[in-house]
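Protein chains in written order, with the numbering used here: chain X, 394 to 1076; chain W, 394 to 1076.
The set of hints was computed from the structure by calculation and includes no laboratory data. Incorrect hints may appear among the rest.
Which copy is meant is left open, so a pair is good if it fits within one copy or across any two.
To be verified - Calculated lysine to aspartate or glutamate pairs in the DMTMM-like style (CA-CA distance at most 20 angstroms, straight line):
| hint | residue 1 | residue 2 |
| --- | --- | --- |
| 1 | K972 | E1040 |
| 2 | K1016 | D950 |
| 3 | K528 | D854 |
| 4 | K914 | D854 |
| 5 | K487 | D967 |
Number of protein chains: 2
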Amino acid sequence: MAIALQSYVQDRWVCPTGGLVEIASAIDGRPVATCSSQGVDFAAAVRHARDMGGPALRAMTFHDRADRLRALAGYLNDRKEVLYRLSTNTGATKRDNAFDVDGGIGTLFAYASRGRRELPSERFLVEGGVETLSKSGAFVGTHILTPLHGVAVHINAFNFPCWGPLEKFAPAFLAGMPVITKPATATAYVTEALVRLMLESGILPVGSLQLVCGSVGDLLDHLTGQDVVSFTGSLETSQILRNHPAIGRNAVRFIAERDSLNAAILGPDAAPGTPEFDLFVREVVREMTVKAGQKCTAIRRAFVPRAMEGEATRAIAEALGAVTVGSPLLADTRMGPLVSLGQRDAVRLAVAEIASDGEIAFGDPNRCEPLGADDVSGAFMAPVLLRCPDPASARFAHTTEAFGPVATVMPYGSLEEAVDLAARGEGSLVASLFTFDAEVGAAIAFGIAPFHGRLLIVDRDCGRDSTGHGSPLPGLVHGGPGRAGGGEELGGLRGVFHYMQRTALQGSPARLASLTRSWIKGAPAPATERHPFRLDFDALRIGDTIETGSRTVTLEDIEQFAHFPGDTFYAHMDEEAAKANPFFPGRVAHGYLLLSFAAGLFVDPPPGPVLANYGLDNLRFLKPVSPGDAIRVRLTVKAKNAARQPEYGEVRWDAEIFNQTGETVARYDLLTMNARPHAAPAA
Amino acid sequence: MAIALQSYVQDRWVCPTGGLVEIASAIDGRPVATCSSQGVDFAAAVRHARDMGGPALRAMTFHDRADRLRALAGYLNDRKEVLYRLSTNTGATKRDNAFDVDGGIGTLFAYASRGRRELPSERFLVEGGVETLSKSGAFVGTHILTPLHGVAVHINAFNFPCWGPLEKFAPAFLAGMPVITKPATATAYVTEALVRLMLESGILPVGSLQLVCGSVGDLLDHLTGQDVVSFTGSLETSQILRNHPAIGRNAVRFIAERDSLNAAILGPDAAPGTPEFDLFVREVVREMTVKAGQKCTAIRRAFVPRAMEGEATRAIAEALGAVTVGSPLLADTRMGPLVSLGQRDAVRLAVAEIASDGEIAFGDPNRCEPLGADDVSGAFMAPVLLRCPDPASARFAHTTEAFGPVATVMPYGSLEEAVDLAARGEGSLVASLFTFDAEVGAAIAFGIAPFHGRLLIVDRDCGRDSTGHGSPLPGLVHGGPGRAGGGEELGGLRGVFHYMQRTALQGSPARLASLTRSWIKGAPAPATERHPFRLDFDALRIGDTIETGSRTVTLEDIEQFAHFPGDTFYAHMDEEAAKANPFFPGRVAHGYLLLSFAAGLFVDPPPGPVLANYGLDNLRFLKPVSPGDAIRVRLTVKAKNAARQPEYGEVRWDAEIFNQTGETVARYDLLTMNARPHAAPAA
C-alpha cells in the first residue's frame, strides 16, 4: 500500500490535487509512495514563512535556537527507527543509515553545541574588530550580522533524505531563518516522515519549517533578495534554477552543490605493504559501496603512481569482490541497490562513456546477482572499477559522473602530473591523499587546494580515526568550486552566516557601543558608585568602569618579582644589557608584574559576585615601564554573555594600564565569571 | 585631438582594428577619445593572466604583494595630477577627484597596510581554529585559503574611473590573482592613463594587470570556476553578464554592485535646530552634488518625520540653491556636469517618472546655466529635489534610480513606517540615520540592517569626523543585498578572500601542522638540544619545545603573591570563603602567579635572540592550583611571522601549564619578538 505523500504548508498538511507520481521501491519495484505538489499555494508558503516563521525565529536569541535544535535532535534520536525502516526501500543498508539518519541528527547536535558555545545570547552577532575611521577616534566602524528577513528554500538530492534536509536546516534555523524544504521525489517518503517527526515534536515555532513534496512549482517566482536557495543535485537542474529570472534580478543568494568527480591520490611513497596503501584501497572500496556510491563526495577517480597501477587495481578489485550486494533487509548485505531503475540506467550509460577512455577492470555493470532480490525489478548493480591508462587524454573520465558504485583507476607519473590530473575535475568537493611523506603531502595539497573544498590527508597516524573521504562534517566546509557548484555549506558558523546579512555600522563609539552592546574605546565609561565587582551579572551595564589609584613601580619591586617567581631575564636585571636591547630604555618591569600589580589595584578582596578570573585575551605590552613609573588601571565592562549554567554569566572587561603621563603601557581583555543570584533555576 | 585608447593585453598595447566609439567631453561635447576592443584576443588575455600573472603572483608572499601595493600607491600618488587633468573632461571637480583619484590611491595604501599587519609572510592563510575530529585527537581539521588559479575580471562603472578599478585591484592583487580590468567607455581615457602609470611603474609582475578598453567581446566564454567576475554597474548589464552560460555552468564567482536607492533617515528627535538636523541637510546636499550625484552610494531617498517635512525640504532646497554648477575648470564651481548628454537624458526620464509620484520641490531638470559652459553641448543639469507625499503608495520613488543630482524627500509617521519604507528599496548599499536618540538608533538600525550593506549613524558626537554616507571605506564592506546586487567588496580582508579558495584540511596533527606551518596539539614537539630561547628566529622550527622542570606552589607563595602585588582576593586568602565559591576547592593560587612562575621556569636570563615578550593571547585557566600542587610548563613554537623590520620576527608559542598529575591548569599563546641576526638589511 503506497503512502500518499503530502506537503506541509501554512501550518497544515496539504493533499495533492493531481499529477501524482509513483515512487517505486529500489529493492523490488513495488510502489512505495505517491507524490505531487499540485495544489500547493507556493506564494502563500513564502508569505507564511516571512510573516510567521521569520518573526518568531528572530524573536529568539542564538542560544534559544540552539536549545531548540538540541531538543529536536534528542527527539529525533529517540524515534529514528521509523526512518531506518522507511529508508530500506530507498536501498539504504544499516551502514548507509548511519550516514544519513544518524549523520543528520548529529548535525543538529553539532549546531546546537556551536550555537551555545560560539554565539552570544543575542539576536545579532558582532563580526570582527572595531575600525577607527577618524584620527580623533570619534568615528568608528564595525560589522554586525542579522538574519535575513526571507525564507530559505532547500532543494535536496535523493541520496540523503535525512542528512540532506537536516544539514541545511540546522544552520538556517540557528541563523534565524524559516525553511521550506523540498526533497527529491525518489526518496521523498523518508523526508516526509522526518518532517512529520520534526513538526510533531512541537519544538519548532510556527512557520519555521514547511515541506514541499513534488516539484517546486512557481515557488522561485516569489523570492526576493532576502531569500536563500540552497540546492544539492545535478549541474543541469542547478542551471535551470539559477537562471530563473527572479534569482538573478533580485540577487537571491544561491548556494549549489553539484556534480563532483572527486579524486583519491595514492602517494609515490605509499607502496604496497605500507599502511597508506592499505588505507587507500579500503577507502576507495568504501566510497564505491557506501550508499551504492550514490554520494556527491564519493571517490570517482583514483590516481596511483604508474608503477603501482597493477597492484592497486588488483587490490581494489579483490576487495570489491568480497562486497555482498543484496537486499538491505538481509544482515549479510554490505551494499544495497541504487535508488531506482532509472538511476541505474544513467549509471550504466556513464560507465559506457568512461569505459571508452579505457576499460572495465572489474565488475559487470549489466549483471548482478543480489542476495534476497533480483536485478530485474530491483535497481541492483555490482561495483564497477574502470581503468583509464592515459588520463591526460581522457574525454570522459574527468567529467562524467557515474553516480553509483563506480570509480576509475588512473596512473600518474610525477607529482605535478597528479596535481594537473586532479584539477581536470574542474573543481571538486573533496580529494583525499594517501601519503606519509611531508613533501608529497605539501606538493599535492597546495597544488590542488584551489580546486577543492576539502582535502583529506590519510596516513598511519590518523587512518584509524579518519572519518573518511566521503563524510562532510559540521565543522568543516562542504562544497567546492567550479563543477562542484561553487557553494559552501556547514563549516561551523560559516554555514550559519549564509543566512544572515553582514552590515557595516559607522558612527560614534557611544552609538556603536550601545547598538552592539559591546564597549568601544571612546564610548562613555562611567565610574560606578559601588565597585563594579560588587554588582552582579545582571546589574552590571556595558561601560561600567573602575578607575584605580596609581602605584609606583620601584626597582625593588622589579628585583623582588624577579627573584620570587624566578624570572631574572636580563631586561629586568641588567641595566647595560637592557639598554642594548632595541625595545628597552634600560631595566624594565616584567609584563606579569604589571598584570599582577594591576590586579592588586582593581581586585576587591571580599566574596562578591565576581567568582573567578577565568582568562585573558589579546594582551599587548605597548610601552616599557621603568623603575619610578607609576601605573594605574581603567577597567570597563566590554561585553556580557550568558553562561551555560543560568547561575553565572561571563563578563569581558576592557583593561588598560596607563603610566604617570597617561600613555597606555598594556591593554587586554580580562574575563570573569560572575554570579547571577536572581537568575531563575535551570529549566 | 582625441586620444586613441588602446588595450593592454599579453604584455603589449593593442590598437583597435575597428569599431571605434567616440567619447565626448562632458563639458562641451568635444571629442576626447576613441575606444574599441576590436582586435583584442580575449582568449589569449585570459591565458596570459593564467600562465604568467598567476604563477608570478602566487610565488610571492602576502607581504611581498603588500609591499608592491605600497610602492604602487606611492608611485601613483606622485603622479596623480595627470589623472586630475584628464578627469576634468568627465565632469569631475577638484572635490570629485579627491574621492576618485585620491580615494583609489588610498585604497591601495590601506590594503598594503592590512597585508603587512593582518596577513602572514606566507603564500596561504590559515583560517579559524583547529577542529578535533576524533576522540583520541589523532584526527583533526582546519581551513586554509589559497589564491584561485584563474583571472579576476573587473568590469567597472563610468563614475569612478580610478577608484573603481583600484578598489577592485588592491584586494585581488593582495590575494594573488591577476586582473583584467575593463573601464566603462564613457570615462575609459582616465582608467587607461591610470593603467599606463601602473604598468610604467615596473612594480607589477608581468601578466598581473591587463586592460580592455571597449566591450568585453568573448572574454566571458573563456572563464572557469577558478575565475572571478566583479561587476559594478546597472542591474540590466549585470543580468546579461550573470546569465552568460559559462558563468553559471562553471560556477564562476560573480560579484555585483548594482542599482541602489539609498536612504537617509532623519530621526524624530532631530528637529530643526538640532545638530543632527543640520548634519542631515548637509549630507543630503553633499550626496546630491558630489560627482553630480553619479554615485551608486548617493542618497536617493530622504525620509523625514511628517511634521518636519516642510522645514527639511526648505532647508535642503536652500542649500541646493547655493550650489554653483559649472565647468570643473573654474575654481568657483562646486558641481560639474553629468558624464554625457545621454546620461542626462536618462536622468531626466527618471526624474519624470519619480515626479509622477509627487512633484518637483526644487530645481528644473531641463534647464541649467552653468558657469563657463552651456547646457546644450555640455551635460550640465541643476540639482533636482523631488517630493513624494505618500511614499507608501509610490510607484517609482523606491525603485527608479535617477543617477544624477536627484533625491526625493518622503515623510514618515512611526519608526516602523520608516523601516518599512527604507526596505522598499529592496536592498541598498547604504543607509544613513541622523539621530541622537539611542532607542531611535536601535529601532531603525536593527530594522533595516538586513536590507543594507552599510549603515551610518550620524550625530553631534561624530558629525565632524564622519566620512559621509557616500564613501565606501577599505575596512568596511561595500555592497548590499537584493537590488544592490548581493555583492560584497572591501571590508578589509573579507574583500581579499573573494579571490581565494577556502579548503578544509583533515589529517593527523603532525601532517596538518607541517602543512600549515602552525603547530597543533598532538603534533611532534621535540625538545631542542639547546634552550629554544637560544635559537634565533630563523633557526627556530615549528614544534621546537622546552619542557621545564616543576615547581611546587606553597601556601607561602600564595600569601607572598597576595601581599606583594596586593591581590588579596578571598579565593587566595580565606579557606572557608574559597570553599564556598563554586569553582574552587579551597584557597588557590592566583592566575598571575601561575603565569609568573611559568615564566620563571622557562625564561633563559642572559641576552639572546628573544628580545621581548610583547603579549599573550587566549589565556584560559582550566583548573585551580592548590597549595602543594607542583606545576611545570611545555612551551612549543606554534607559528613564526616576519615582522615589519627585517631584523626581527614574531614567534607565537603554545604554552601549557600542567600540575603534578599531568592535568592542564592553564593554556595560552605567548608572543615574543625574536632577533634575526643574519637577516639582510632593509631594502
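Taking the hints in turn, this is what the structure says about them:
| no. | hint | result |
| --- | --- | --- |
| 1 | K972 to E1040 | between (51 angstroms within a copy, 17 angstroms between copies) |
| 2 | K1016 to D950 | within (18 angstroms within a copy, 29 angstroms between copies) |
| 3 | K528 to D854 | between (53 angstroms within a copy, 14 angstroms between copies) |
| 4 | K914 to D854 | between (47 angstroms within a copy, 14 angstroms between copies) |
| 5 | K487 to D967 | neither (71 angstroms within a copy, 58 angstroms between copies) |
Hint 5 from the earlier list is the only one contradicted by this structure; the remaining hints agree with it.
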